[in-house]
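**Student:** Chains as they are written, first to last, in this note's numbering: chain U, 1 to 354; chain B, 1001 to 1302.
Calculated directly from the structure, the hints in this document are not laboratory data.
Every value quoted in this text rests on a predicted model; they were computed, and no experiment measured them.
Treat the hints with care, as some may be off.
To be verified - Below 25 Å or equal to it, Euclidean Cα-Cα: the simulated PhoX-like pairs (lysine-lysine) are:
| # | chain 1 | residue 1 | chain 2 | residue 2 |
| --- | --- | --- | --- | --- |
| 1 | B | LYS1187 | U | LYS23 |
| 2 | B | LYS1187 | U | LYS17 |
| 3 | B | LYS1128 | U | LYS23 |
| 4 | B | LYS1128 | B | LYS1187 |
Unchecked claim - For the chain U half of the interface with chain B, some residues (derived, Cβ under 10 Å), not all of them:
| # | residue |
| --- | --- |
| 5 | ARG30 |
| 6 | ASP34 |
| 7 | ARG70 |
| 8 | ARG98 |
| 9 | ARG99 |
| 10 | ASN113 |
| 11 | ILE265 |
| 12 | ILE267 |
| 13 | ARG280 |
| 14 | VAL304 |
Quick reminder that beta carbons are idealized off the backbone N, C-alpha and C, glycines included.
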Amino acid sequence: MSAAAPGEPLLQLEDLKVYFPVKSGIVLDRHVGDVRAVDGVSLTIARGETLGLVGESGCGKSTIGRAILRLYEPTAGRIVFDGRDITHLGERELRPLRRRIQMVFQDPFASLNPRHSVGRIVGEPLRVHGLASRSEATRRVRELLALVGLPPDAVGRYPHEFSGGQRQRIGVARALALNPELLVCDEPVSALDVSIQAQIVNLMERLQEELGLTYLFIAHDLAVVRHISNRIAVMYLGRIVEVAPADDLYDNPLHPYTITLLSAIPIPDPEIERGRAAIRVEGDLPSPADPPAACRFHTRCPFVQPTRCADEEPMLRPLDGHVVACHYAEDVQAGRIEPATRAPAPSFEPYAGA
Amino acid sequence: MSVTELESAEIQFDHPSGLWSDAWRRLVRNPAAILGFVLVGLFVFTALFAGLIAPYDPREQNLELLQGSCCPGPSAEHWFGVDDLGRDQFSRVVYGARFSLLIGVVAVTVGVTFGLLLGAISGFLGGKTDTLIMRLMDIMLSIPGLLMAIGIAAMLGPGLLSIMIAIGVVNIPIFARLLRGSVLGQKGNDFVLAARAVGVPRRTILVSHILPNSISPVIVAGTLALATAIIDAAGLGFLGLGPQDPSTPEWGTMLTGTVRYLQTAPHLAIIPGLAIVISVLGFNLIGDGLREALDPKLRGRT
């Protein structure tokens, strides 16, 4: 399914499922159900590319990232890294792989231990893997700080003395300490100010160029993802609904969910913005503990067609350079199906009469 | 100059500071905490140097002093008067500090050690281990503290050591619960995930990432528990579960011995009582100061 893969696959997810058990009971826990955070996701990330992963909050994109790092146990499916199945490796066998896959976290305030100095935070990976003696580690830490654009005297300081953007740089430095090949970036800029976002995104692009990194870039900010990604995967409620080369996805979205997602981006021109018909999804994201049957998007899809969408599950299939999971993708693309204006929800007009 | 450069120029102005040293700075700026330190300092000093401070042997009886009426009050020779057996009350109170400090420290150490161990295991491992340990702690908590201490002390046989063990055991579930809650809160933090992602061994994660961030409520509770331990010890002593040698100058035991003279010689009860109050107050003030210094929600208000 790789449309624009420049290298051989570095990471493959095969039908990955991550369920979180829901338990209830006072003394003895009973298993009463599962939250299907990730429910059958297959993805390939080629060496050297950046795969963007987008979707609304709660669709399971962070769970995928964490499952790749084996911070969450996969329920089913396979995670193959550089040809090796790492789905069920024990902590000991995982250790050498930890050097090759690292992660940058979303919240730069929560992801750094407030009681450790920056030197200790960035140096910890080196210590844990026995990669450097004390003096070498100090030198390497300074090198890493310089690489991410922090002053060398940051070593002895503590996280609370830094701003959000600087903290995120510290997080990046920690992730780079082990010279990883794959960096899972879990919404690395969404907690930052817009001006700082650009700095971090530029930093990550520069690092990719210098160090030949492969990124899985998880985000919900579509503009940022478009900027940094080669390919983009769109996720909805635990499933991948569309994968396409970045620009192609924006110019020619095929899946109804992608279409609605993109149509939600405001256009910075009031004339066009007022004139265009926004295609909106209705309602809230259904509960991943009890997802809709068949096509998961059919409860909110503006292009939904009677019975088939609710009866038969759409499989991912290649179409026009994309991979898309929709029965009617061709018809939607050709404009044969008009977006239904669903029965308008009783709307609250805050500015009525103003 | 880029934003980064400006920011880095800005942070060079003050000295690096850790959270602990920040907390310490806040603590020493708190006048109530300073008073606490003074009181506790006085208490510890008295306990350590009792032999030098006390003018008489606390066990030495001098029945000649009791001629006339029972228990003469304060005088130049006997600052706090003498008790019903003619022993110098001042010396007894001074030596009593030793016992109270010993009981407090040992009891809290017992409680904190086992409490931390159980709480950390419970919170970190979770699952069945957690359920088992916590239900056990609930059972212990369901028995009123002093009642359980009396039970344990009675079971072990009266004496100084059993008082310390009894009070320590009563404290275990309190610390265990406190630390478990704190560990649970820290366990899901991103920096713990980051440490796991880097491959830090589980034990190291617990010891170097989770515990240092969850220990501060325990420090506060431990300081306050020192105060309660002293009161409880005095209570158990008062109930006759303390040192069985009646000449032992323990504050609680001293109170028991003087109940009968409450109307004729109230100073015999008031003075050990005041000693208890002062030492407990000292620990309480330090505990409150620590709570404020360590609580991130109050940060920046001093």
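**Student:** Checked against the structure, which of the hints given earlier come out wrong?
**Tutor:** 5, 6, 11, 12, 13, 14
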